[in-house]
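> If you want the building blocks of each chain, they are given just below.
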Amino acid sequence: MAGLEKLSYRDALRRALADAMREDEDVFVIGEEVGRYGGAYGVTKGLIEEFGADRLLDTPISEPAIVGAAVGAAMAGMRPVAELMYVDFLGMTMDQLCNQAAKIRYMFGGQIGVPMVLRTQGGTGRSAGAQHSQSLEAYVMHTPGLRLAMPATVHDAYHLLRQSLRQPDPVVFIEHKGLYATEAEVDLSRPAPDWGRAAILREGEDLAIVSYSRQVHHALAAAEALSQRGVEASVIDLRTLNPLDFETVRAAVEIVGRAMVVSEGPMTAGVAAELAARISEECFDYLEDPVVRVAGEDIPISVSVALERASVPTAELVLRTAQRLVA
Amino acid sequence: MAGLEKLSYRDALRRALADAMREDEDVFVIGEEVGRYGGAYGVTKGLIEEFGADRLLDTPISEPAIVGAAVGAAMAGMRPVAELMYVDFLGMTMDQLCNQAAKIRYMFGGQIGVPMVLRTQGGTGRSAGAQHSQSLEAYVMHTPGLRLAMPATVHDAYHLLRQSLRQPDPVVFIEHKGLYATEAEVDLSRPAPDWGRAAILREGEDLAIVSYSRQVHHALAAAEALSQRGVEASVIDLRTLNPLDFETVRAAVEIVGRAMVVSEGPMTAGVAAELAARISEECFDYLEDPVVRVAGEDIPISVSVALERASVPTAELVLRTAQRLVA
Amino acid sequence: MYLHLTFVTHHARHGLFFPIGRAVTSTIAPTSAQTNADLAGLYRQMRRVRTFEERVGELFVRGESAGSMLHLSIGEESAAVGVTAAMRDGDTFTTHHRGHGIFLARGADPKRMMAEIAGKETGYCGGKGGSMHIADMGLGHLGANAIVGGGIPAVVGAGLVAKRRGTGAISVAFFGDGAMQQGILYESMNMAALWELPVLFVCINNQWGMGTRIDQATRATALHERAQAFGLAGETIDGIDVLAVREAAQDMADAARVGRPGFLAVECYRFFGHARKDKSPYRSDTEEAEGRARDPLARAREALVAEGHDLDALDAEIAAEMDATIDYAIASAEPALDTMFADVYGPSAPEPEPVSMRLDRILARE
Amino acid sequence: MYLHLTFVTHHARHGLFFPIGRAVTSTIAPTSAQTNADLAGLYRQMRRVRTFEERVGELFVRGESAGSMLHLSIGEESAAVGVTAAMRDGDTFTTHHRGHGIFLARGADPKRMMAEIAGKETGYCGGKGGSMHIADMGLGHLGANAIVGGGIPAVVGAGLVAKRRGTGAISVAFFGDGAMQQGILYESMNMAALWELPVLFVCINNQWGMGTRIDQATRATALHERAQAFGLAGETIDGIDVLAVREAAQDMADAARVGRPGFLAVECYRFFGHARKDKSPYRSDTEEAEGRARDPLARAREALVAEGHDLDALDAEIAAEMDATIDYAIASAEPALDTMFADVYGPSAPEPEPVSMRLDRILARE
Ligand SMILES: Cc1ncc(C[n+]2csc(CCOP(=O)(O)OP(=O)(O)O)c2C)c(N)n1
Ligand SMILES: Cc1ncc(C[n+]2csc(CCOP(=O)(O)OP(=O)(O)O)c2C)c(N)n1
Ligand SMILES: [Mg+2]
Ligand SMILES: [Mg+2]
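Chains as they are written, first to last, in the numbering used here: chain A, 1 to 327; chain B, 1 to 327; chain C, 1 to 366; chain D, 1 to 366.
Keep in mind that a hint or two might mislead.
Within a straight-line C-alpha distance of at most 27 Å, the following computed DSS-like cross-link-like pairs (lysine-lysine) qualify [stated by the list, open to error]:
(1) LYS177/A x LYS6/A
(2) LYS177/A x LYS45/A
(3) LYS45/B x LYS279/D
(4) LYS45/B x LYS177/B
(5) LYS163/C x LYS45/A
(6) LYS6/A x LYS163/C
(7) LYS177/B x LYS6/B
(8) LYS45/B x LYS6/B
(9) LYS111/C x LYS45/A
(10) LYS277/D x LYS45/B
(11) LYS279/D x LYS177/B
(12) LYS6/A x LYS45/A
(13) LYS45/B x LYS163/C
(14) LYS177/A x LYS163/C
(15) LYS177/B x LYS277/D
(16) LYS277/D x LYS6/B
(17) LYS279/D x LYS45/A
(18) LYS277/C x LYS177/A
(19) LYS277/D x LYS111/D
(20) LYS277/C x LYS111/C
Examples of chain A residues toward chain B, derived with CB under 10 Å [said to hold, decoys possible]:
(21) GLY129
(22) ASP245
(23) PRO266
(24) GLY270
(25) ILE279
(26) VAL292
(27) ALA327
Since the hints were derived computationally from the structure, they do not count as laboratory data. Keep in mind that this is a model prediction, so the values were computed, not measured. Built from N, CA and C at the ideal position, the CB exists for glycine as well.
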């Protein structure tokens, strides 16, 4: 798979699953419409032909039991990739995810782990309404025992999923529905940062922008625009929120003395709150300005195209805020 | 009910339910063991005699449907008080709570509200293990559409519950299992702060301690001890996390220039993170020191008495941290 | 009976399921003048549903819908119309993501429905809800749900209220066959039976849940037996005959009103793809052809025409009514941006502070 | 049959349930030498469970247990012993909050169990789990659960693995009657039937869920009928006769191994309160007396003694074995504080940073 090729985020995810399943007999996918249908967003399309219905297990609509079955399969020695069609359905599965998967290793004194991946997707962009457009990663980040990966790029869609499939612990892997169609020229043989390490996508002396998932692209766009005006911003893609690579964030912030965190999830008690609190407490003496949070509104998502768009950070808001911060 | 009387937190909660049920025919309690048994922690003991089995509705062990039924009853015009025996079971109900109760008013354009109270209890103190000792308020605080009340005192156990029962929106009311037996001389006819207003339990010029629920008592104990050494701390009991009375916090912090937030929930992406981020961004120019977070460890809770105790902030840790902060 | 018989063999061939219970008798055409009068009314409602859904498809094709997650109930009209015909004023109900027809049959204004599907301010929810979250609480609609099974337990609560207040009302949960695999349904049915609630559970079994056929989701396809095992009255009825559906629903509704909750599965077929972009590659043309041949609307029309009814004028009138819904939706305005912060909490509470306002305050410091 | 019959009338009077299915024949005493040999072995295991649980109660009374959330399985020994007798090496299982007996019957070391219940470092989970979370994965125990119904779906996953690898193993979920009202059970049973998994669902129906009697939790008390409605083999058996329980479990286990999952409800009685502090004020003394009279241990002992067995020595030996567990638990040390941060993630990953360390770093600034 050496060499440059044009790939979409969706294709890269499919490639990661296929490569992992070829390498490891114990990897299998379990979820709604993952087999015959090929996944609600087409990520698993075609895989059933190569790997069969046993390894692309179509399930009834029973989210709690899907996650619970994955927990049992992981304990019994395989490596399930459970799929939740929308992260919005997490609420139905949080007992199995947070009371079971996340705690089993600990409760039983380290006897066993739960090496499963829960693949799902979230975010706005399809007028899918209040129950199909959420960004719920904060629930996961707040739960000890769960790893959390959120790829922003095509390269990471592949490598973060492969890395997630090598973890000894449950990994919640959240894709962004607005990124599936994005394409890039990538060389998948090029290594990705290690698991748990953030990626510095851009370096600058005036401002550090810390983000993840789709908002990384807004941050990069803003940084480019700022650069036109002679303002240089660092852009950090966290890649995983657990583990959280705070050292990379600290280093960047201590150099520039100004930080902005960008997240699509609701602002209050969300991921942006953790990042802002952490930077504020650990880099206090280096900060010339308050750490600014650009995040989703504390409201449900509307189906109206206009309201939906305005409910989460836009590239314009990220840029405008960055400009004022460095002004 | 005028005049001073000695009451426990548990008794005050029971009194609030009884008074509310006497005043309003539409208030009823629905949950596991709330009637005949009188509640796992005795809060509803005896109420079935006065109000009957229709208004203290014992349910099967079906948490998702208990919350869902309460949502339906609230939409149909009554005012249910659903009880979750342990907040740890929230995970089973989060779809009904966060996708239904929290979003119904909004999704349907304000046509109807869901005036229900979800009473539950959390926290450590009984060697109840990883699935019966959690502090999960952050999940609720992060969810738009849900109110969140967490009484720290006997007086509030009564008044906050009465106030919660007057809200037009779903209120998650989280008691602390370690407080049920605490007693105080209270005059319930004395008014409590309005719904959504924090209480300033102590005023001082050197440090502002912001907390809620059981940790408020650790904060007060620390403040007393500091006072011996001539250090005066303000102690703020937030009472409700949604609404969040930030103005009261701001005022206190801007005077003293130093803040510490104390929460029993896990630190990462928790309530303490929101409070610290908010204070840091809004009071930036007034802060002489970083806002310090004293919170639960990012680990599950052990059954071992020693490990359980060490997993959440102790009065000693709160005091020690406060001392070093003002040093 | 011909059509019916071919469908049976078709069932055998493709593993769809022979409708049990009353179904076997349901293909007998109505005779009495009374039932014909009823049938004419039921036909009218079914036609309105069919035509409305066709217009929803058109709205999407014209690029005027809010998104593509639009689930048409074409082929399922007898369930919506037959069951709602057994409901009264004051009854409440919850619907699923394919609930346009049910809501319309309960008296909704198709203009405001179409406007909501377009995400416009004139829609039932001011553009906040959309196709999967349309409702008019004034009509007893306790909400449409985009969570499969999510609206089911609400009828338990509404049933408790109706029983306690002695209103004589029932509460009906409508959902698809896919929801039969959601545990919350069994928790809800158990409570309804335990408390003898005036509640009805109606499963619209269109044989498919997205790309999963009912026999690919469960081995136990006699769905009503599950309800019986929880102590409810349970029955499966063939949706081909709207009169039979109404009759079955009427019996169950009557029983529910006096505290005997029931479960009714209506066998039908999802004529088109799951949502607007789904072309159903996972099922055969033969199956689709035979499934679509089981058309309750055509069946009712045949019977009425055989009786000498001329329905062309009615159909035309309905077509015109529904055409107007598209014009109305398109002509309506997008909701104003400032409505975004309303309705998160009750009207007396302050609205959530917009992020931009928060940022203004923080960045204003000097 | 006398005792049995009185219990029937007792049932009628108190609304407990007459065990159905095989139960009616289950009170016939064993005859062949073979079954007696078996019965002796089963008696020994049941006695070990009974005595262990009595010692757990003693540990609590002596103030040496970690907390009071200790759920004794006294009265339910035939379920634990009878069903596990039908299990083989390599089989996996999950248990509920009242699972001490099941785990012990599967070969657990009672010393390490008692130490865990005391929250000590020598316990199976190093003091992290406690009474509701004891397990030895080496024995195929996929965990004890404090969430009612929480451990049930795991057997679906374990069953998938066993089937895929062709190990011939089964996975058994043990849970109480209260879990019959948790939806996840039905989702799990549906999957087991759909995928023909080597899985067994065992409901230990001790008539009570905390202070709620089974007929106060559901109207459908023939629990096995629910499993049948989902396509599983379903049966209810009277727990009074451990041989009958083992026989029923054996048949179901054999069927499960070849892909026919089953559900077995074992009728028994919770002799004592829900947890250590519950005195069961919600049930009558008569009911308790008659419930406790249905003692599978006493029944087995009678039968063996009638055959001339002298069991006093065995009982004494077991008493000594279990006495030692208390001494062991008390003598063991509390877990070291620094173990607190281990086992949150895999061993190769850094441990979570303690709050105090974080504070040190932040407060260290000058
Ligand atoms: C909890 C949940 N899981 C999955 C989905 C995605 N989804 C939407 S509709 C659907 C199929 C539902 O099938 P059925 O219940 O038969 O209703 P139908 O679409 O046939 O009307 C699925 C899987 C969802 N919306 N909610
Ligand atoms: C999800 C959940 N709900 C409620 C509880 C509280 N609780 C613990 S045991 C119990 C009763 C369980 O009854 P049953 O399943 O019959 O088991 P038994 O105690 O009789 O062995 C309850 C309600 C819990 N632990 N988990
Ligand atoms: Mg369907
Ligand atoms: Mg029980």
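> Hint by hint, note whether the structure agrees.
Now the hints, each set against the structure:
1. LYS177/A x LYS6/A: holds, 19 Å
2. LYS177/A x LYS45/A: Holds - the C-alpha atoms of LYS45/A and LYS177/A are around 16 Å apart, at most 27 Å.
3. LYS45/B x LYS279/D: holds, 15 Å
4. LYS45/B x LYS177/B: Distance of about 16 Å is within 27 Å: holds.
5. LYS163/C x LYS45/A: violated, 50 Å
6. LYS6/A x LYS163/C: Status violated; Cα separation ~63 Å.
7. LYS177/B x LYS6/B: Roughly 19 Å separates the two Cα atoms, so the pair holds.
8. LYS45/B x LYS6/B: holds, 18 Å
9. LYS111/C x LYS45/A: Violated, at about 38 Å.
10. LYS277/D x LYS45/B: Within the cut-off at roughly 15 Å; holds.
11. LYS279/D x LYS177/B: Distance ~21 Å between LYS279/D and LYS177/B Cα, so the pair holds.
12. LYS6/A x LYS45/A: Measuring from Cα to Cα gives roughly 18 Å; hence the hint holds.
13. LYS45/B x LYS163/C: holds, 25 Å
14. LYS177/A x LYS163/C: Status violated; Cα separation ~44 Å.
15. LYS177/B x LYS277/D: holds, 16 Å
16. LYS277/D x LYS6/B: holds, 25 Å
17. LYS279/D x LYS45/A: violated, 58 Å
18. LYS277/C x LYS177/A: With Cα atoms ~16 Å apart, LYS277/C and LYS177/A stay inside 27 Å; holds.
19. LYS277/D x LYS111/D: Distance ~24 Å between LYS277/D and LYS111/D Cα, so the pair holds.
20. LYS277/C x LYS111/C: Given pair LYS277/C, LYS111/C holds - Cα atoms ~24 Å apart, limit 27 Å.
21. GLY129: holds, 7 Å
22. ASP245: violated, 14 Å
23. PRO266: OK, holds: PRO266/A within 10 Å of chain B, min 6 Å.
24. GLY270: holds, 6 Å
25. ILE279: Holds, because the Cβ-Cβ distance from ILE279/A to chain B comes to roughly 9 Å (cut-off 10 Å).
26. VAL292: Check passed: Cβ of VAL292/A comes within 7 Å of chain B, closer than 10 Å.
27. ALA327: With a minimum Cβ separation of about 16 Å from chain B (threshold 10 Å), the hint on ALA327/A is violated.
Checked against the numbered hints listed earlier, the structure breaks hints 5, 6, 9, 14, 17, 22, 27; every other hint is satisfied.
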